[in-house]
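Trainee: Spelled out from the first residue to the last, the chains are:
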Amino acid sequence: MATAPRNIYEQQAANRRNTVLVMAVFTLFVGLLGLGFDVFILGFPGDEYGVDFPYATVIALVIGTGSALWSLQVGAKSVLASSTAVPILHGDPRYQQLSNVVDEMSIASGLQRPALYLIADPDPNAFATGKDPEHASIAVTQGLLDQMSRDELQAVIAHEMSHVRNYDIRLMTVVAALLGAVALLSEFGLRSMRFGALGGKKSSSRKGGGGIVLLVLWLIALVLAPLVSRLLAMAVSRQREYLADASGAELTRNPAALASALQKIDAAIEPTRLIKKGTAQLCIGDPLGAAANDSEGFLADLFATHPPMRNRITLLKAMAYQQTGVIRG
Amino acid sequence: MTLFLGFVIVVALLVVWAIALYNRFVTLRNQVLNGWKQIDVQLKRRHDLIPNLVNTVKGYMEFEQDTLLKVISARNAAASAKTVGEAAEKESILTSALGKFFALAENYPTLKANENVRQLQEELSSTENKIGFARQFYNDIATKFNIALQVFPGNLIAGMFGFQAAELFEIQDAAERTVPNVDLSLKK
Numbered sequence: 003m004a005t006a007p008r009n010i011y012e013q014q015a016a017n018r019r020n021t022v023l024v025m026a027v028f029t030l031f032v033g034l035l036g037l038g039f040d041v042f043i044l045g046f047p048g049d050e051y052g053v054d055f056p057y058a059t060v061i062a063l064v065i066g067t068g069s070a071l072w073s074l075q076v077g078a079k080s081v082l083a084s085s086t087a088v089p090i091l092h093g094d095p096r097y098q099q100l101s102n103v104v105d106e107m108s109i110a111s112g113l114q115r116p117a118l119y120l121i122a123d124p125d126p127n128a129f130a131t132g133k134d135p136e137h138a139s140i141a142v143t144q145g146l147l148d149q150m151s152r153d154e155l156q157a158v159i160a161h162e163m164s165h166v167r168n169y170d171i172r173l174m175t176v177v178a179a180l181l182g183a184v185a186l187l188s189e190f191g192l193r194s195m196r197f198g199a200l201g202g203k204k205s206s207s208r209k210g211g212g213g214i215v216l217l218v219l220w221l222i223a224l225v226l227a228p229l230v231s232r233l234l235a236m237a238v239s240r241q242r243e244y245l246a247d248a249s250g251a252e253l254t255r256n257p258a259a260l261a262s263a264l265q266k267i268d269a270a271i272e273p274t275r276l277i278k279k280g281t282a283q284l285c286i287g288d289p290l291g292a293a294a295n296d297s298e299g300f301l302a303d304l305f306a307t308h309p310p311m312r313n314r315i316t317l318l319k320a321m322a323y324q325q326t327g328v329i330r331g
Numbered sequence: 006m007t008l009f010l011g012f013v014i015v016v017a018l019l020v021v022w023a024i025a026l027y028n029r030f031v032t033l034r035n036q037v038l039n040g041w042k043q044i045d046v047q048l049k050r051r052h053d054l055i056p057n058l059v060n061t062v063k064g065y066m067e068f069e070q071d072t073l074l075k076v077i078s079a080r081n082a083a084a085s086a087k088t089v090g091e092a093a094e095k096e097s098i099l100t101s102a103l104g105k106f107f108a109l110a111e112n113y114p115t116l117k118a119n120e121n122v123r124q125l126q127e128e129l130s131s132t133e134n135k136i137g138f139a140r141q142f143y144n145d146i147a148t149k150f151n152i153a154l155q156v157f158p159g160n161l162i163a164g165m166f167g168f169q170a171a172e173l174f175e176i177q178d179a180a181e182r183t184v185p186n187v188d189l190s191l192k193k
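In order, the protein sequences belong to chains A and B.
Oh and the first sequence: position 91 is 93 in my numbering, straight run, nothing missing.
Oh and the second sequence: position 137 is 142 in my numbering, straight run, nothing missing.
One chain only, chain B, in its complex shape (with noise of 0.2 Å):
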């Protein structure tokens, strides 16, 4: 009888355990999925401000209109990407063709001087930024989750339940690993 007792109550605490561990995953997993969202939220507002931009710099910087088309078409080519490996491409692209862009810009006081401009650099630098960061809180939290999945013994639940191991974001492109910074600030 006690024998019995014994069973029922160990297999209780590990009904109870693997349950607090699958929450674990689930809430992990969330956790991940939001991050992955961030980046994406980001890079629809990068999306957003360049024609903004552009409209607003066309006056002043007629002679460069090869390196506005160029910002443009990038841009348009990154928000019709369909994959993520695509989008990561994209998006590095777009990044080098604004770089380019914010030198030319250097040679254009008036430009400079506008407030408008000013104003759309600051946000263009934040949303840099932005993307950046949110990857690199995306890269923290999915390590975390994929630790949690990996180690013993709640690979054994993982495992049980199907959960995934979540992709980390890497630069793709050789290119931008050696560029690592791109300074989109206009020098006072």
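The following block holds chain A by itself, in its conformation from the complex (with noise of 0.2 Å):
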């Protein structure tokens, strides 16, 4: 993850990768929260009063699996009815020019034409998500149709398209899902330790150091959880987006669009409110509003899911210019 792919072949790749890797850490997590549960709470490995078998590690192992499949194949479900997004029907007139930008767009890139959604909020947003470009949905904000003209209209739409075909859907849906789950059982661990630690006292004392250290660990790793696992999504979402941008202006070979829908974007200082925090690092522009997309500097970066705005629109401006030869805006 930590060099940047150089074509959309090894991108594809690299997501894929990542997507296992992921669903694979969030499954030992859940392991490693049943080995403590059977440790510290049922008392494995057996002594007189304990289990000798890690019976919750392996329950929630099972678990774990399942819910990181699950993530896969209703992510995207869970995401759009998180901020409220409802179908746009093919051919709907009201939606005429959306429906037609995104034919355009799916002509220009090869790919299956995705399901449309709009989110009723006054805020310019958009974000691509799904498990493969054949189960791909893009949602739009009523304030994104207000503001843009066609051309940005397209320039949104052809950066949407670049993560269908990227996988950075996949990866980014799995993330959003089970970034929620990792959260509530974080919350669920330590509740259960200090109900657990009553309990427990007898046990640890009697197994002496070793039981110390491992109690230590496994509270550390609770506590930071769900800290890491934010941080791992943001600096997975900001690396995309700079190839979104790039793959998006190939596809409508007019990059001064894009930079000026992203302007406008940036422009609107208030967040998208229908948009949930889990669900930030899949938007074009961070949800948050303004303060996220201009911050710079290295606790910014650290947490921001988007690259800084000024960034992205001088890297597209470039790209105007070598096209045109015209320097605007």
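Below, a sample of chain B positions facing chain A; criterion: calculated Cβ distance under 8 Å:
| hint | residue |
| --- | --- |
| 1 | Gln43 |
| 2 | Gln124 |
| 3 | Glu127 |
| 4 | Ser131 |
| 5 | Asn134 |
| 6 | Lys135 |
| 7 | Phe138 |
| 8 | Ala139 |
| 9 | Gln141 |
| 10 | Phe142 |
I should point out that these hints are in silico values taken from the structure, not numbers from a laboratory.
Here the structure is a predicted model, which is why all the values come from computation and not from measurement.
We put the CB at the ideal spot given by N, CA and C, even for glycine.
From these two lone chains plus the hints, build me the complex, please.
Mentor: Right under this line is the structure:
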């Protein structure tokens, strides 16, 4: 993940690999949770009170694998549902232009037409989700439709189609679905610790130092898991935005339109309220609004799901300049 | 004995390699054909839309009968073109006729306000774009096919089975090359 992939085939392969990696790490995390439950609460490995088989670990691993696979299947649906996106039917005259633009981009990219969704939010934003290009969805906000010109709308859709083609959507959707689960599980683990601590005192004093080290490691893993997984999601997302900008501009042959679309998204300082925090890494502009889009510096970089808007716009304008020799806006 | 076995294995590997390459060529060739059909689909859509548009605007643009007739005849010529070269030429005449028509339409405010016209306008603009994107995609996939045919050692297999390089779509008319963008959108 450290080096940026050079072309879309490498990008697709990297995304497939990373999806499996994320699912595996998630399963291990759930397993670790189960192991802690076995050791600190059920008293494994067996003494006169404890169990002699790690029941909770095995059950946790099964549940972890199940929900990781489940997230791949229904992740897109839950992401769409959580941002209250409603489907736009093909041929609805109110969305004629959007529908046409999506058709144009699916012709340009040679991909199947994705399902379309509308989010009734006045802030301009858009995201793509799904497990592969054959099961992809693109959601746009009402604000995007209201504020963008035809060319800008086309540029935004091209950016999203690039995410679809690169398999970014698969990785990001699984990450979005599992992020929520990690936060929930960590909370649950810490609570059950407090409850288990009363009964656990006896067993840990019996086992001596080794037990305490294990307990501390387990606690650290629980506390850090939500933070680490969020940082990971953000790093993964930041790299992908530049590539999607570039290959989106390649589809439309019009980088200037994407630059001005990003400027409009940047200028709309209101956050996209209907898009939840866990979905942020999927969107074209950070749904938190202007503060997040413009921040620079190490800490801001670490916590941003998107590279600074200014950098993205500058790069696109440079591309437009190379193409036409005209500097715009 | 081992020498003979080694020989058989090498031949078997070569055959498997040739089959894989042959199948790749066939897949690519079908993608190229499909890309070509996409262009046809969009051109046909354009031919279908134009009579609708002319009928809708006739009442508003009585004084522009000449322009409307030109659009219709350019459309009919393009629709009845036989060869690829002829089609490309007629289509570019149609594009410039449409461009003139929409420039004139600017002078009719009632026309621009008509919802029906606005929708047809969007459909035609989109179809123009789709033709462009379909050509772009066709050229990309055809180039990929041609490269696969020409690089060594694929060219040996391609020659053996008689695969022909695909023709790239080029702008025939020099005039169209100099005026690449016909903006059909009505200014609001």
